[in-house]
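One-letter residues, chain by chain:
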Amino acid sequence: MLSGKTALVTGGSRGIGRAIAIDLAKNGADVAVNYSGNEEKANEVVKEIESLGRKAFAIRANVANADEVNSMVNEVIERFGRLDILVNNAGITKDNLLMRMKESEWDDVININLKGVFNCTKAVTRQMMKQRSGRIINIASIVGIAGNAGQANYVAAKAGIIGLTKTTAKELAGRNITVNAVAPGFISTDMTDQLPEQIRNEMLKQIPLGRFGEPNDIANMVTFIASDKSSYMTGQTLCLDGGMVMY
Amino acid sequence: MADVLERVTKIIVDRLGVDESEVKLESSFKDDLGADSLDVVELVMELEDEFGMEISDEEAEQIVTVGDAVNYIQSKL
Numbered sequence: 001m002l003s004g005k006t007a008l009v010t011g012g013s014r015g016i017g018r019a020i021a022i023d024l025a026k027n028g029a030d031v032a033v034n035y036s037g038n039e040e041k042a043n044e045v046v047k048e049i050e051s052l053g054r055k056a057f058a059i060r061a062n063v064a065n066a067d068e069v070n071s072m073v074n075e076v077i078e079r080f081g082r083l084d085i086l087v088n089n090a091g092i093t094k095d096n097l098l099m100r101m102k103e104s105e106w107d108d109v110i111n112i113n114l115k116g117v118f119n120c121t122k123a124v125t126r127q128m129m130k131q132r133s134g135r136i137i138n139i140a141s142i143v144g145i146a147g148n149a150g151q152a153n154y155v156a157a158k159a160g161i162i163g164l165t166k167t168t169a170k171e172l173a174g175r176n177i178t179v180n181a182v183a184p185g186f187i188s189t190d191m192t193d194q195l196p197e198q199i200r201n202e203m204l205k206q207i208p209l210g211r212f213g214e215p216n217d218i219a220n221m222v223t224f225i226a227s228d229k230s231s232y233m234t235g236q237t238l239c240l241d242g243g244m245v246m247y
Numbered sequence: 001m002a003d004v005l006e007r008v009t010k011i012i013v014d015r016l017g018v019d020e021s022e023v024k025l026e027s028s029f030k031d032d033l034g035a036d037s038l039d040v041v042e043l044v045m046e047l048e049d050e051f052g053m054e055i056s057d058e059e060a061e062q063i064v065t066v067g068d069a070v071n072y073i074q075s076k077l
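Respectively, the protein sequence lines represent chains A and B.
Under the UniProt record's numbering, think of the first position of the first sequence as 1, with each following residue one higher.
Under the UniProt record's numbering, think of the first position of the second sequence as 1, with each following residue one higher.
So that you can see chain A by itself, here it is in the shape it has in the complex:
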């Protein structure tokens, strides 16, 4: 489905990003795996992709830093010769009630989760415009639509991603570049495993399909969007949440 295409997945060493990187490779893409801290985990993903017969390499960059992002994107284009798919997946949480939230907690989450998407999107646009094709896929979150107590910073960033997705989609549509977002609900990853059991059980009650999602549930959709089969869709946010939020 994706043979001959190349991808960059930010935050690709763990969780949803890892699943996305591997699934893109399974479907034929060569993948650059971005990470910020965990080189070892990123290299594991690279090895797994190589075992599938695809090219891959790990590349460090803090997405909040435009200079680091620009160097990363340049290197990816140099090594792969083109760039067809960008998956903006890198994200962190620093949860706190609004009244207790420190300015630094707000800034860190906005800078990585929202400004990071801006930085990476801006950096790849030049190449994709030249190619007259491209897929930009942003990982938002269901809480960016529904809100969530204790996550003012994260929710604001994710809602911001949804708006950014729509604007970028409008700006780049004329160049055959589509921009869409996926909004996961509760997905089992290192990030969500940290939540207390009581909260996990409460959340489960709100999921009509009666289970938490798996990283692959998200990866499958990302692969579809990355493929030519999604060519008439742009600016959309697709909720993959077991039916938690319907609108």
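No wet-lab data here; the hints were simulated from the structure.
Incorrect hints may have been included.
Lysine-lysine pairs mimicking DSSO-like chemistry, simulated, CA-CA at most 30 Å apart [claimed, not checked]: (1) Lys122/A <-> Lys76/B; (2) Lys30/B <-> Lys10/B; (3) Lys10/B <-> Lys24/B; (4) Lys229/A <-> Lys166/A; (5) Lys130/A <-> Lys30/B; (6) Lys76/B <-> Lys10/B; (7) Lys130/A <-> Lys76/B; (8) Lys130/A <-> Lys24/B; (9) Lys130/A <-> Lys10/B; (10) Lys10/B <-> Lys122/A; (11) Lys170/A <-> Lys30/B; (12) Lys166/A <-> Lys30/B; (13) Lys26/A <-> Lys55/A; (14) Lys55/A <-> Lys115/A; (15) Lys10/B <-> Lys170/A; (16) Lys30/B <-> Lys122/A.
Restraint ranges, calculated between C-beta atoms of paired labels, are given here [what the hints assert, rightly or not]: (17) Gly34/B <-> Asn96/A: 49 to 55 Å; (18) Gly37/A <-> Gln74/B: 43 to 49 Å; (19) Gly235/A <-> Arg7/B: 35 to 41 Å; (20) Ser133/A <-> Glu54/B: 21 to 27 Å.
None of the values given here were measured: they were computed from a predicted structure.
Ideal placement from N, C-alpha and C gives every residue a C-beta, glycine not left out.
Following the hints, position chain B against chain A.
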């Protein structure tokens, strides 16, 4: 000068699909040559490649007419 203008003109003709005779030094990309904002960004990108230079966002914003582009490139060569 002539060489730069010739190369710039070729890029404009290719990119914007206008006739070579329409491309004059005083022609505004947007007002006279039918370019939208994104076309101008793309033109600047192609000029960067053609002349092997980097044009910053701030400098690119000053390029409004064909003459602006030619003068800018001349000054950097």
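Hints versus structure:
no.: 1; hint: Lys122/A <-> Lys76/B; in the structure: holds (25 Å)
no.: 2; hint: Lys30/B <-> Lys10/B; in the structure: holds (17 Å)
no.: 3; hint: Lys10/B <-> Lys24/B; in the structure: holds (12 Å)
no.: 4; hint: Lys229/A <-> Lys166/A; in the structure: holds (20 Å)
no.: 5; hint: Lys130/A <-> Lys30/B; in the structure: holds (20 Å)
no.: 6; hint: Lys76/B <-> Lys10/B; in the structure: holds (19 Å)
no.: 7; hint: Lys130/A <-> Lys76/B; in the structure: holds (24 Å)
no.: 8; hint: Lys130/A <-> Lys24/B; in the structure: holds (26 Å)
no.: 9; hint: Lys130/A <-> Lys10/B; in the structure: holds (17 Å)
no.: 10; hint: Lys10/B <-> Lys122/A; in the structure: holds (27 Å)
no.: 11; hint: Lys170/A <-> Lys30/B; in the structure: holds (19 Å)
no.: 12; hint: Lys166/A <-> Lys30/B; in the structure: holds (25 Å)
no.: 13; hint: Lys26/A <-> Lys55/A; in the structure: holds (11 Å)
no.: 14; hint: Lys55/A <-> Lys115/A; in the structure: holds (28 Å)
no.: 15; hint: Lys10/B <-> Lys170/A; in the structure: holds (29 Å)
no.: 16; hint: Lys30/B <-> Lys122/A; in the structure: holds (23 Å)
no.: 17; hint: Gly34/B <-> Asn96/A: 49 to 55 Å; in the structure: holds (52 Å)
no.: 18; hint: Gly37/A <-> Gln74/B: 43 to 49 Å; in the structure: holds (47 Å)
no.: 19; hint: Gly235/A <-> Arg7/B: 35 to 41 Å; in the structure: holds (37 Å)
no.: 20; hint: Ser133/A <-> Glu54/B: 21 to 27 Å; in the structure: holds (24 Å)
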